[in-house]
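Asks: When we follow the working numbering, the leftmost residue of the sequence shown carries the number 725, and every step to the right adds one.
It should be emphasised that the hints constitute simulated quantities derived from the structure, not laboratory data. Every residue gets a Cβ at the ideal spot worked out from N, C-alpha and C, and that includes glycine. Don't take each hint at face value.
Simulated DEER-style distance windows between Cβ atoms [stated by the list, open to error]:
1. K743 <-> V803: 53 to 59 Å
2. R871 <-> K830: 28 to 34 Å
3. K830 <-> G881: 43 to 49 Å
4. A752 <-> A781: 37 to 43 Å
5. K743 <-> E771: 31 to 37 Å
6. R877 <-> G821: 19 to 25 Å
7. V754 <-> P804: 23 to 29 Å
8. S744 <-> L817: 30 to 36 Å
With a Cα cut of at most 20 Å, we get these calculated EDC-like pairs of lysine to aspartate or glutamate [said to hold, decoys possible]:
9. K797 <-> D812
10. K787 <-> E770
11. K797 <-> E771
12. K830 <-> D874
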Amino acid sequence: ASHTRPVYSSVPASGDFQKSRDLQAFFAGVSRDGIGATRAAMRATEEATADCFANEADPLGNKWAALAPSTLKRREPGVPILRGLQPDLIWQLLGVGRWRLHSRLKDYAVYHLGKDYRTGRPARPFQPVQPGAILAFGARIHDGLTRWLDDHRRRVGL
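Based on the provided sequences and hints, a complete structural model is requested.
Replies: Put into structure tokens, the structure is as follows:
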């Protein structure tokens with residue numbers, strides 16, 4: 725049987741390959757910065773959560789239920805519905821692709837995400853727990869990662 729050998733060109737390549745080296749540096753930097761990508765995604769999620777508190781609305785923009793009249797009687801006017809909860813939230817980076825959100829002092833914080841059937845307290849979600857809400861947060865994460873990639877691109881001059 726006849727074996728054919730590959731033919732290699734001996735024509736030298738010449739020219740300015742700086743853009744190619746810049747692109748290589750860009751991809752190398754991005755691939756080494758998994759924590760940076762995770763931090764960017766976490767930051768975008770934190771911003772989306774802050775918007776929920778600021779607008780007193782779920783991730784889809786639906787306003788939270790008003791406070792019960794009995795609660796309003798005990799509160800000063802203008803106090804946010806979930807007063808004190810947002811500053812108590814802790815965002816913790818755990819590793820590449822992993823972070824968690826928990827409350828420093830208020831173990832009950834997560835209970836506001838869903839309706840309490842025992843007490844009748846309505847859901848006031850600030851995280852994407854209802855159908856379709858993950859898409860809203862996903863869009864924010866996409867934007868955050870796009871900004872992160874743009875920062876990498878600018879650093880190498882692309």
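Asks: Could you run down the list of hints and mark each one as holding or not?
Replies: Status of each hint after checking the structure:
1. In this structure, K743 and V803 meet the distance hint of 53 to 59 Å, their C-beta atoms being roughly 56 Å apart.
2. Taken as a hint, the range 28 to 34 Å holds for the pair R871 and K830, whose Cβ atoms sit roughly 31 Å apart.
3. A hinted range of 43 to 49 Å holds for the C-beta pair K830 and G881, which are about 47 Å apart.
4. Checked against the hint of 37 to 43 Å, the pair A752 and A781 passes, with Cβ atoms roughly 41 Å apart.
5. Range check, K743 to E771: Cβ separation about 34 Å, and the 31 to 37 Å hint holds.
6. Under the hint 19 to 25 Å, the C-beta atoms of R877 and G821, about 21 Å apart, fit the expected range.
7. Distance hint check for V754 and P804: the Cβ-Cβ separation is about 39 Å, which falls outside the suggested range of 23 to 29 Å.
8. Between S744 and L817 the CB atoms are about 34 Å apart, so this pair conforms to the stated range of 30 to 36 Å.
9. A C-alpha spacing of about 24 Å is found between K797 and D812, which places the hinted pair above 20 Å, so the restraint is violated.
10. For the proposed pair K787 and E770, the alpha carbon gap of about 19 Å is at most 20 Å, so the pair holds.
11. A distance of roughly 31 Å separates the Cα atoms of K797 and E771; the hinted pair therefore is violated under the 20 Å criterion.
12. About 37 Å separates the Cα atoms of K830 and D874, which puts this hinted pair outside 20 Å; it is violated.
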